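Given chain F, put chain L in place with the hints provided.
Quick note, the sequences are listed as chains F and L, same order.
Here the first sequence is numbered in this note's numbering, starting from 1 and rising by one per residue.
Here the second sequence is numbered in this note's numbering, starting from 1 and rising by one per residue.
Among the hints, erroneous ones may be present.
Some chain L residues near chain F, calculated using beta-carbon distances under 8 Å [unchecked claim]:
hint, residue
1, Leu54
2, Lys56
3, Gly59
4, Val62
5, Ile74
6, Ala76
7, Arg82
8, Leu84
9, Tyr87
10, Phe95
Straight-line distance between alpha carbons at most 20 Å, and here's what the computed EDC-like set of lysine to aspartate or glutamate pairs gives [claimed, not checked]:
hint, chain 1, residue 1, chain 2, residue 2
11, F, Lys162, L, Glu80
12, F, Lys188, F, Asp200
13, F, Lys85, F, Asp145
14, F, Lys100, F, Glu139
15, L, Lys32, L, Glu55
16, F, Lys153, L, Glu80
17, F, Lys162, F, Glu150
18, L, Lys32, L, Glu159
19, L, Lys56, F, Glu150
20, F, Lys153, L, Glu55
Chain F residues, not near chain L, derived (Cβ > 12 Å throughout) [said to hold, decoys possible]:
hint, residue
21, Gln47
22, Ser90
23, Ser101
24, Ile196
25, Val198
26, Gln246
Derived from the structure by calculation, the hints contain no laboratory data.
Since this is a predicted model, take the numbers as computed values, not measurements.
All C-beta atoms in this analysis are idealised placements derived from N, C-alpha and C, irrespective of residue type, glycine included.
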Amino acid sequence: MHKLPDWFKKAAVLLFWLLLWQISSLLIHNRILLVGPFETLRTLCGQIVTPSFWRAVCFSAGRISLGFMLAFFSGLLTGSLSYRKSSFGSFWAPLIQSVKSIPVACFVILALIWTGAANLSIFISFLVVYPIIHTNTLEGLKSTDPLLLEMAKVFRVPFHRKALCIYRLSLYPYLVSACKTALGMGFKSGIAAEVIGVPDGSIGEGLYRAKIYLSTPELFSWTLAIILVSAALEKLFLLLLKMIGQKGGQKKDGTG
Amino acid sequence: MVQANIILSHVTKYYGENPVLCDLNFTFQGGKSYCVMAPSGSGKTTLFKIIMGLEKPDGGAVSTISREGVSARISAVFQEDRLLPGYSALENIRFVTGKQFSNEELRCLLSRLLPEDSLHKPVSEFSGGMKRRLSILRALLVPSDILLMDEPFAGLDFETKQAAVRLILELRAGRLLLLSTHAAEDASLLGAEIFRLPSKR
Numbered sequence: 001m002h003k004l005p006d007w008f009k010k011a012a013v014l015l016f017w018l019l020l021w022q023i024s025s026l027l028i029h030n031r032i033l034l035v036g037p038f039e040t041l042r043t044l045c046g047q048i049v050t051p052s053f054w055r056a057v058c059f060s061a062g063r064i065s066l067g068f069m070l071a072f073f074s075g076l077l078t079g080s081l082s083y084r085k086s087s088f089g090s091f092w093a094p095l096i097q098s099v100k101s102i103p104v105a106c107f108v109i110l111a112l113i114w115t116g117a118a119n120l121s122i123f124i125s126f127l128v129v130y131p132i133i134h135t136n137t138l139e140g141l142k143s144t145d146p147l148l149l150e151m152a153k154v155f156r157v158p159f160h161r162k163a164l165c166i167y168r169l170s171l172y173p174y175l176v177s178a179c180k181t182a183l184g185m186g187f188k189s190g191i192a193a194e195v196i197g198v199p200d201g202s203i204g205e206g207l208y209r210a211k212i213y214l215s216t217p218e219l220f221s222w223t224l225a226i227i228l229v230s231a232a233l234e235k236l237f238l239l240l241l242k243m244i245g246q247k248g249g250q251k252k253d254g255t256g
Numbered sequence: 001m002v003q004a005n006i007i008l009s010h011v012t013k014y015y016g017e018n019p020v021l022c023d024l025n026f027t028f029q030g031g032k033s034y035c036v037m038a039p040s041g042s043g044k045t046t047l048f049k050i051i052m053g054l055e056k057p058d059g060g061a062v063s064t065i066s067r068e069g070v071s072a073r074i075s076a077v078f079q080e081d082r083l084l085p086g087y088s089a090l091e092n093i094r095f096v097t098g099k100q101f102s103n104e105e106l107r108c109l110l111s112r113l114l115p116e117d118s119l120h121k122p123v124s125e126f127s128g129g130m131k132r133r134l135s136i137l138r139a140l141l142v143p144s145d146i147l148l149m150d151e152p153f154a155g156l157d158f159e160t161k162q163a164a165v166r167l168i169l170e171l172r173a174g175r176l177l178l179l180s181t182h183a184a185e186d187a188s189l190l191g192a193e194i195f196r197l198p199s200k201r
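Bound-form chain F, shown alone (with noise of 0.2 Å):
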């Protein structure tokens, strides 16, 4: 029998849902409790010709991707610092541990009293993503091969050297794998915070305005937007990471 595509399974996939989706909006038949994809996607057509909806999507976008490149930076640094230096990981580690395990709420009115909404989802994306980055940069250096690194040692090679070929490629996985879940984590958290300090011109004051107004379509549209700027920038980050993360951003015959 012949055997069918994956993207028509994926479609035939995504199909069924919507049309679950569908279907269930027009049993409900209250636009206050469910709106169906179509009205969802109306909504959002209707938003995205506004320079509002644009705004607000650079609002915030621009600061969780800001919180989490910040985040991103300092988990690899302190990540490393830990891996290098145990007394540092040890005197690090039950502020990681802390900010592990505080509800973001609770940093989030934290937030509010330091530095006001404006800035509240770099601080919260930040918040949220630094301990994913620094466990897995620390577990990523923990896994490399001991025996090439012993290797490395006798034959005296440069640190610089060790890191681009040796700590790099045991590291990129788990990169991979930690920015895949922070991403989403950190949009997730950021435009629940602007949910609730009400940034002006943010995502988080349109979903906050919908609430508000028991507008569900302008709800499911956000959340639609929200959505797909998330994964688009997911794409991004991770194609940036695989061009300077995976072995290949070298010289034919070098290693850099």
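For chain L alone, coordinates are given in the frame of chain F:
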């Protein structure tokens, strides 16, 4: 290159309760070749690791300081090949030598032990014998004062072993060579003295 001796003074090593090396005293003289012979599990690899500074002896000391007081540089063929798996043969050599050789020089040397079309393939696609040959060449090409080779001919057929021996003789360049082996004929092939590890008891 500096002429460095390896001086073993009362070297003792235990794994748990089991003695591996017991009060070992010997001087491997700079510029000479030695074949270290002993049955499997007698401590050859442990001795090499101690000389390389990868393990500490439980007793005694090892000195690889030259007469000029300089710490000798060591290059090694490990019991496991310890090559960077995702990298090509050329890149593996470059990893340890830096930019010391041109690509042309490296290609020329590598093609004496490896098929020409394999030089750009990742070593993870190499056979066991090819990996072994590459690790021999890597040790020979690194500027060093002492060459340690832990069973370098394991897994090589007669032809490739002969080619490897020729390359070792050519590229050894007066360095102190310590080679562990089970085959006494290796000593005559390399013109080396035989050093038998004393029995543990």
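Results for each hint:
no.: 1; hint: Leu54; verdict: holds (5 Å)
no.: 2; hint: Lys56; verdict: violated (14 Å)
no.: 3; hint: Gly59; verdict: violated (23 Å)
no.: 4; hint: Val62; verdict: violated (14 Å)
no.: 5; hint: Ile74; verdict: holds (6 Å)
no.: 6; hint: Ala76; verdict: holds (5 Å)
no.: 7; hint: Arg82; verdict: holds (4 Å)
no.: 8; hint: Leu84; verdict: holds (6 Å)
no.: 9; hint: Tyr87; verdict: holds (7 Å)
no.: 10; hint: Phe95; verdict: holds (5 Å)
no.: 11; hint: F:Lys162 to L:Glu80; verdict: holds (19 Å)
no.: 12; hint: F:Lys188 to F:Asp200; verdict: holds (18 Å)
no.: 13; hint: F:Lys85 to F:Asp145; verdict: holds (18 Å)
no.: 14; hint: F:Lys100 to F:Glu139; verdict: holds (16 Å)
no.: 15; hint: L:Lys32 to L:Glu55; verdict: violated (24 Å)
no.: 16; hint: F:Lys153 to L:Glu80; verdict: holds (15 Å)
no.: 17; hint: F:Lys162 to F:Glu150; verdict: holds (11 Å)
no.: 18; hint: L:Lys32 to L:Glu159; verdict: violated (25 Å)
no.: 19; hint: L:Lys56 to F:Glu150; verdict: holds (14 Å)
no.: 20; hint: F:Lys153 to L:Glu55; verdict: holds (12 Å)
no.: 21; hint: Gln47; verdict: holds (46 Å)
no.: 22; hint: Ser90; verdict: holds (24 Å)
no.: 23; hint: Ser101; verdict: holds (37 Å)
no.: 24; hint: Ile196; verdict: holds (46 Å)
no.: 25; hint: Val198; verdict: holds (49 Å)
no.: 26; hint: Gln246; verdict: violated (9 Å)
Checked against the numbered hints given earlier, this structure breaks hints 2, 3, 4, 15, 18, 26; the rest are met.
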